[in-house]
Amino acid sequence: KAGVTQTPRYLIKTRGQQVTLSCSPISGHRSVSWYQQTPGQGLQFLFEYFSETQRNKGNFPGRFSGRQFSNSRSEMNVSTLELGDSALYLCASSVRDGNTEAFFGQGTRLTVV
Amino acid sequence: QKEVEQNSGPLSVPEGAIASLNCTYSDRGSQSFFWYRQYSGKSPELIMSIYSNGDKEDGRFTAQLNKASQYVSLLIRDSQPSDSATYLCAVNQDAGGTSYGKLTFGQGTILTVHP
Chain A
57 KAGVTQTPRY LIKTRGQQVT LSCSPISGHR SVSWYQQTPG QGLQFLFEYF
107 SETQRNKGNF PGRFSGRQFS NSRSEMNVST LELGDSALYL CASSVRDGNT
157 EAFFGQGTRL TVV
Chain B
798 QKEVEQNSGP LSVPEGAIAS LNCTYSDRGS QSFFWYRQYS GKSPELIMSI
848 YSNGDKEDGR FTAQLNKASQ YVSLLIRDSQ PSDSATYLCA VNQDAGGTSY
898 GKLTFGQGTI LTVHP
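Chains as they are written, first to last, in the numbering used here: chain A, 57 to 169; chain B, 798 to 912.
I should point out that these hints are in silico values taken from the structure, not numbers from a laboratory.
Every value quoted in this text rests on a predicted model; they were computed, and no experiment measured them.
Keep in mind that the hints are not guaranteed to be accurate.
[To be verified] Below are the DSS-like pairs computed for lysine-lysine, each with C-alpha atoms no more than 30 Å apart in a straight line:
(1) Lys864/B with Lys113/A
(2) Lys69/A with Lys839/B
(3) Lys113/A with Lys799/B
(4) Lys69/A with Lys864/B
(5) Lys864/B with Lys799/B
(6) Lys853/B with Lys864/B
[What the hints assert, rightly or not] Which bits of chain B does chain A cover? Going by a derived footprint, with three or more residues having C-beta under 8 Å, they are:
(7) 841-853
(8) 902-908
[Said to hold, decoys possible] For each label pair, taking beta carbons as the anchor points, the in silico distance ranges come out as:
(9) Gly84/A with Gly826/B: 27 to 37 Å
(10) Gln74/A with Gly838/B: 25 to 35 Å
(11) Asn127/A with Tyr868/B: 32 to 42 Å
(12) Lys69/A with Glu854/B: 40 to 50 Å
(13) Asn850/B with Pro95/A: 15 to 25 Å
(14) Ser135/A with Pro878/B: 37 to 47 Å
(15) Thr909/B with Gln162/A: 22 to 32 Å
(16) Gly96/A with Ser866/B: 21 to 31 Å
(17) Gln73/A with Ser837/B: 20 to 30 Å
(18) Glu854/B with Asn127/A: 49 to 59 Å
Backbone N, C-alpha and C define an ideal beta-carbon position, used for all residues, glycine too.
Sequences are here, hints too, so could you generate the full structure?
As structure tokens, this is what we get:
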């Protein structure tokens, strides 16, 4: 069974630009969550989608948004990039929700210059 | 108080020893508990999940949960150099179903197993 796939693996963007990251969950998994990981803050929850609906959102500004498609694939978008957005962005999929095991993709390393 | 706290480490143990990793959480309503291993430059890998009080064993790993004390631990028996990584404790609070998909992570404990 294929794991969680995130694309691209690496990105370098300039301040003020926007970026879109993609996540394909494990087949049969309907819940997709996104996390930001930085050395200072650790792993921080961004949002969760299930059946194309955002069910939960973390404490991030509105520049961070996401969506989920009917095939459970998900995208997250960051607009007006800031230097502080440089991080590893991780997507996790689970069968249903946080009470079930979540499996992470390899992540997208975003560098904002 | 942080929502999920782990022993700060780093933790260094000799090969073959037992490594003990600890985690406390603040929300008494928490329902699900997970341990992830993260190698440097890689993404977190799920190694254990535990939902009920007591012990759960999987190979060399044992997770222990005590909801009354709001404490979860991970024991690694016969530690190997390949176990050297950061171990992350994650908790799903599931307060009435409003914490969908949200795992709250500790800061992680760096484990080094030396030959």
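Outcome of the hint check:
no.	hint	in the structure
1	Lys864/B with Lys113/A	26 Å, holds
2	Lys69/A with Lys839/B	21 Å, holds
3	Lys113/A with Lys799/B	19 Å, holds
4	Lys69/A with Lys864/B	44 Å, violated
5	Lys864/B with Lys799/B	17 Å, holds
6	Lys853/B with Lys864/B	14 Å, holds
7	841-853	holds (count 5)
8	902-908	holds (count 4)
9	Gly84/A with Gly826/B: 27 to 37 Å	28 Å, holds
10	Gln74/A with Gly838/B: 25 to 35 Å	26 Å, holds
11	Asn127/A with Tyr868/B: 32 to 42 Å	40 Å, holds
12	Lys69/A with Glu854/B: 40 to 50 Å	45 Å, holds
13	Asn850/B with Pro95/A: 15 to 25 Å	34 Å, violated
14	Ser135/A with Pro878/B: 37 to 47 Å	44 Å, holds
15	Thr909/B with Gln162/A: 22 to 32 Å	24 Å, holds
16	Gly96/A with Ser866/B: 21 to 31 Å	29 Å, holds
17	Gln73/A with Ser837/B: 20 to 30 Å	29 Å, holds
18	Glu854/B with Asn127/A: 49 to 59 Å	37 Å, violated
Going down the numbered hints, you'll see the structure goes against 4, 13 and 18, while the others check out.
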